[in-house]
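Protein chains in written order, with UniProt numbering: chain L, 1 to 387; chain G, 1 to 387; chain V, 1 to 387; chain A, 1 to 387.
In case anyone wonders, no lab produced these hints; they're calculated from the structure.
What you are looking at is a predicted structure, and each value in this text was computed from that prediction instead of being measured.
Keep in mind that a hint or two might mislead.
[To be verified] Computed cross-link-like contacts, DSS-like style, restricted to lysine-lysine with a CA-CA straight-line distance of at most 25 Å:
(1) G:K123 to G:K293
(2) A:K293 to L:K293
(3) L:K174 to G:K159
4 protein chains.
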Amino acid sequence: MNRKLRMGMIGGGKDAFIGAIHRIAANMDGLIELKAGALSINPEVAEDSGRSLFLDSDRIYTDFKTMLEKEAAMPAEKRLDFITIVTPNFAHFEPAMMALDKGFHVVIEKPITFTLDEAKQLKAKVEQTGLSLLLTHTYTGYPMVKQARQMVANGTLGKIRKVWVEYPQGWLSKLSEREGNAQAAWRTDPKRSGKAGAMGDIGTHAFNLAEYITGDTVEKLCADNHIMVPGRLLDDDGAVLMRFTNGAAGVLMASQVAAGEENALKIRVYGEKGGMEWAQHEPNTLIVRWLDKPAEILRAGAGNPHLSSFATHNCRTPGGHPEGYLEAFGNLYRNFALSLQARIDGTEASKEALDFPSVNEGVRGMAFIDNVVKSSASTEKWTTFEI
Amino acid sequence: MNRKLRMGMIGGGKDAFIGAIHRIAANMDGLIELKAGALSINPEVAEDSGRSLFLDSDRIYTDFKTMLEKEAAMPAEKRLDFITIVTPNFAHFEPAMMALDKGFHVVIEKPITFTLDEAKQLKAKVEQTGLSLLLTHTYTGYPMVKQARQMVANGTLGKIRKVWVEYPQGWLSKLSEREGNAQAAWRTDPKRSGKAGAMGDIGTHAFNLAEYITGDTVEKLCADNHIMVPGRLLDDDGAVLMRFTNGAAGVLMASQVAAGEENALKIRVYGEKGGMEWAQHEPNTLIVRWLDKPAEILRAGAGNPHLSSFATHNCRTPGGHPEGYLEAFGNLYRNFALSLQARIDGTEASKEALDFPSVNEGVRGMAFIDNVVKSSASTEKWTTFEI
Amino acid sequence: MNRKLRMGMIGGGKDAFIGAIHRIAANMDGLIELKAGALSINPEVAEDSGRSLFLDSDRIYTDFKTMLEKEAAMPAEKRLDFITIVTPNFAHFEPAMMALDKGFHVVIEKPITFTLDEAKQLKAKVEQTGLSLLLTHTYTGYPMVKQARQMVANGTLGKIRKVWVEYPQGWLSKLSEREGNAQAAWRTDPKRSGKAGAMGDIGTHAFNLAEYITGDTVEKLCADNHIMVPGRLLDDDGAVLMRFTNGAAGVLMASQVAAGEENALKIRVYGEKGGMEWAQHEPNTLIVRWLDKPAEILRAGAGNPHLSSFATHNCRTPGGHPEGYLEAFGNLYRNFALSLQARIDGTEASKEALDFPSVNEGVRGMAFIDNVVKSSASTEKWTTFEI
Amino acid sequence: MNRKLRMGMIGGGKDAFIGAIHRIAANMDGLIELKAGALSINPEVAEDSGRSLFLDSDRIYTDFKTMLEKEAAMPAEKRLDFITIVTPNFAHFEPAMMALDKGFHVVIEKPITFTLDEAKQLKAKVEQTGLSLLLTHTYTGYPMVKQARQMVANGTLGKIRKVWVEYPQGWLSKLSEREGNAQAAWRTDPKRSGKAGAMGDIGTHAFNLAEYITGDTVEKLCADNHIMVPGRLLDDDGAVLMRFTNGAAGVLMASQVAAGEENALKIRVYGEKGGMEWAQHEPNTLIVRWLDKPAEILRAGAGNPHLSSFATHNCRTPGGHPEGYLEAFGNLYRNFALSLQARIDGTEASKEALDFPSVNEGVRGMAFIDNVVKSSASTEKWTTFEI
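Build out the structure end to end from the sequences listed, making use of the hints.
Following this line, the structure appears as structure tokens:
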């Protein structure tokens, strides 16, 4: 391929946290360039944001429909390859469907849609159009998460028995949504965020991580969600007992009122022969404990001969040069880009490049929200995981 | 007081793990001397063990009844002050009751008895005799656990919202009870261990730690116990959702099949203003995270002006000279001994010395086992914590 | 500014480690675009590399002189803004001088030149031309390093007494330069690397970090360098006692034969009131210990109110989303770019943007190499730090 | 042996830090009983201290000479086996010589004597009398330190190249000796402490640890000591470059003005094949890094099959039940006691029991002080390590 992929962005104007992250992730490896944007519904913000990102003025839009219409009509040598959607949850579905209809590949910030039903429709649309969709479950972009998955897949730990995944944050310990915190406002608002609060925002990440590493699926669950801060409208805390299809038992904990915690996603997986521990705050380390030998510290790093190809493919630096959240995010974009390049070039993408979250993960994430909300309200212990 | 307290021991012969630990804990501070023992029902082991501990030959016994009879008849200047019982769980109750009846104070390894009913009888006996009983829930002997409790009690964290307590071990990852491991054999045997396996052995420690630090009680719970190793007779793994009386929500995880883990008890407690984290494998550190200022690392140490008197009272060394499990155990014995000294001297023991686990903790621990086993078998989500 | 800055690159063809790092760092924030390159003296590699980076074919060069000539002649709307030089050490000086002469700003990988004398000439040239030069001492791009510097500058720790800086790597534990390792080959070759091996490659980073954080300068030193692997031509290990101008005493340790270590740069600085510890392998944390209160854990994060503006300016994500080596590198480029933008726009760059390493650091680094080599060969204890 | 060993103590009255530590260490394993003491030269303190330790009133002395005279005249069944000397440094030699002359084995707190010359005389006396002497270099009592030593001895790391040992404390960051801190007062007083301050108090521990683990000896050194706190009379900080007999290079750092540090002794040793890291604040872990495989975490624990017999012999608990400083101290006493038991019983002590520091370590420690003080004052780079 002799050019960068062309990206358009919906949402992500100035001061929107996640839009900036997507742009860094897309920029990082020099495979993608931002060429157009409907960055805000506020015309002034859209214009300012577009200019500060050096967009051509005729490719700065104020509504996504116009953008998709006009960009679809561009000649091939200018036309966007894909659209990144970083609007609040309630505004994912419509632009995603339209983008696919117009022939663009799509990147969506998670959760994929506002409702499970939308997620299923979107999945059907992707399958029908044959286009590619990346759902940015960032944490599965970390090399040591991929290493963990491969070790389970290879049977290195034996049959998996236990999964403990936890995601404590503390930033919603106060009623910040009433104190001018815009992030807090939309994330705790059922009309913009969806059925669940913490469980949707971070519980889904923890759930995705657990299914990704184990290569297994949750079969039934028992949830206990809470609104810990009086006056809040959605859960800000919860815990879920889980049973996996292949027999493992799990616990998922997610909280946004774990006062003082930043973003301390962590997972432990135990099998017959050993266990693994990975924590996002020190993401380049995977501790592996064994029944019959001393624990080992596996470390991320390009060229590390002790790691699987899925891990090293997602490293840019040798061991000891820490890569972080933005690189994990960048790995999603890079793999998505490599797979699009292969499509465009008519070659076959590597299995490592094809390993990124998409509509299946999106549907399961939305189903997780539904099932957890249902279970939490139920007096029955177990709720079957339904899609 | 002008002499050491005199201890007799039931159980704890050669090669018994916990008996040796009790002796180290009792020896450490020079307040107690072992003077008699029915260390084994095997006469040869009893004799060998007693001699290696330098007991007078006439105070080496082979059954506890004889010991209690004869020792009770000794003159005051020789008579034992208290009896330590370190037999397997099923053999706690009878000697404990008899010791109390004979006028001896009692130390019992946890769980206090084989059944909840026995625990209640023992509690009644203690109350009736007015004697003192120490239940060795070791982990509450750590200075930083006491610090955590005081910080909650003082309201430093505000109202408590979340409690996460976990206790992973890996030593039962195989069916070791069939491979000649004596510890595994009795602990997984319902006839010697009781109704529960992991939940009784280590779940009760986690439960006790959670109630001790929060100063709160579990009101209802939802348990999911497992036998992960085929052929095993008691649970080797489980998780429990908990609701506390004052409104906090909790999760308790205990596993003896967390392959590769040693003894990784850890607790996190979050309130409105901050959260705390304590882990037994690095017990001299208490990390306190705050909503409004940087996290702090509190460190155990005699004379540390940033700690409560309950913490410093239980330190023997200045900061940076790590104290461990044996010192925590020693703290239980030391506080028990100080409180007995005060009784004997007719003085008042300090509140710090009186802070050791006793019959109430024993009854609640046995009730925890009953309620967890009941809940795990139930299709109802919530089981009210009944005693 | 209404466009990205235009970068040309000298060196950094396919498989060159550091060239790829520079490109990621330059790409990351969307402020810079690579427009031309003399990426290799091997025409085929140059061509291949240029194409894979999507350069226009007429801006792919095989020698830097041609590139600088031709690019200098380009019209303003196409002309490069700056040149990045990522050739081996011996090939920094000539292209840097020529680039400055042609009116380009310059980025150079450290060490700045092959000899101290060249460094001084380059410094004179920069001063004479008034152009800007960035020397990529990556580690001073980390937000928590900047935080540490500000805390010293603000007197938060009181007068500084001690500096311990260490940089263990293990990758040269074998005679890899004879086993086909190209990185090892040039870095251990006096003709390409310079007078010093480990002390030049990583000792200079440690030295720069110590002077940057303390805001002080080394006044005299006592070095003990070693060649630990028989057959090697340059030092692979060493230690240096240091005295700082303001009275602090320091120790610097650098080794490339610390078998098993990755890239474990770490610094500790102690003053009258407290001490700080920062380690590159967990770069988002700065531990601050105090004489009179509990130790604190400062954490990187955009918007963290407990950090100085120099730290937060260099964060892209909120706390708990780890940023790493590439972001630190990206901070150097970002600040360099922001300062160039200000120049071009005729505005004033912020003090935070102007805080990047340049020719002074380059000259001091080369002087460090000279002084350390001289001291190590001397029987005198102290060698005055001369430039 | 059918009785506990009988200990007498010189020094260590109420409020003396180290005396209490020695008693806990001696008590812990039930092999030793304190029977007599000249605990203070202040009669009231001596009496009070003795009574609170339950000594018979006729074995509470106020001067050590009387004690040694009277106790030497006791009948065999009452006579002390050994004397523990825990007076300040200047008062070690005289009682130690006299105790040996009277036929008692001896335990001395380090440093062994006030001067090197005394140390040599004491060594000669021990050799002449054939009695046993324990010098309490506590840190070599830790199981993972013994593990480290065995791994070096077994060649597991290959030839040793690097030794980095550091001992930061912060408690002398102020001029506490003038503010009523008795510990600070004698330790910074040349008349009571000796030629060196920090280098004598903690530098000797670091030095001993380095020589113990490597099994090697320092051949020459280059020291840079400092008095950082104005008004102090002895060094409170220093660093030493070292060359070992077998070719390794080392750095030793010791400071008592590393503000905020507790007692952070740490050592790293690197050989051709790998490196090890041990830190006293988390003493049950030994991290071993390898050139050719992932790093391993070795953990202390009775029965751990991955450890040498020297390590497991010095563990009392299974892995995950942290043992600390007091147990390390207790290991010195336990091994000393086991070796005395063997002597008394006419059997042979195990090689593990015989592994405790004695007069050779004492002489080398005193020589370290002399050589470091000499080197620090010298303008020559290297000072040959002379005894």
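Verification of the supplied hints:
Distance restraint check for K123 of chain G and K293 of chain G: the Cα-Cα separation of roughly 45 Å exceeds the 25 Å cut-off, and the hinted pair is therefore not satisfied. Our distance criterion of 25 Å between C-alpha atoms is met by K293 of chain A and K293 of chain L, whose separation comes to about 13 Å. Distance restraint check for K174 of chain L and K159 of chain G: the Cα-Cα separation of roughly 13 Å lies within the 25 Å cut-off, and the hinted pair is therefore satisfied.
Comparing the model with each numbered hint stated earlier shows that hint 1 is the single one that does not hold.
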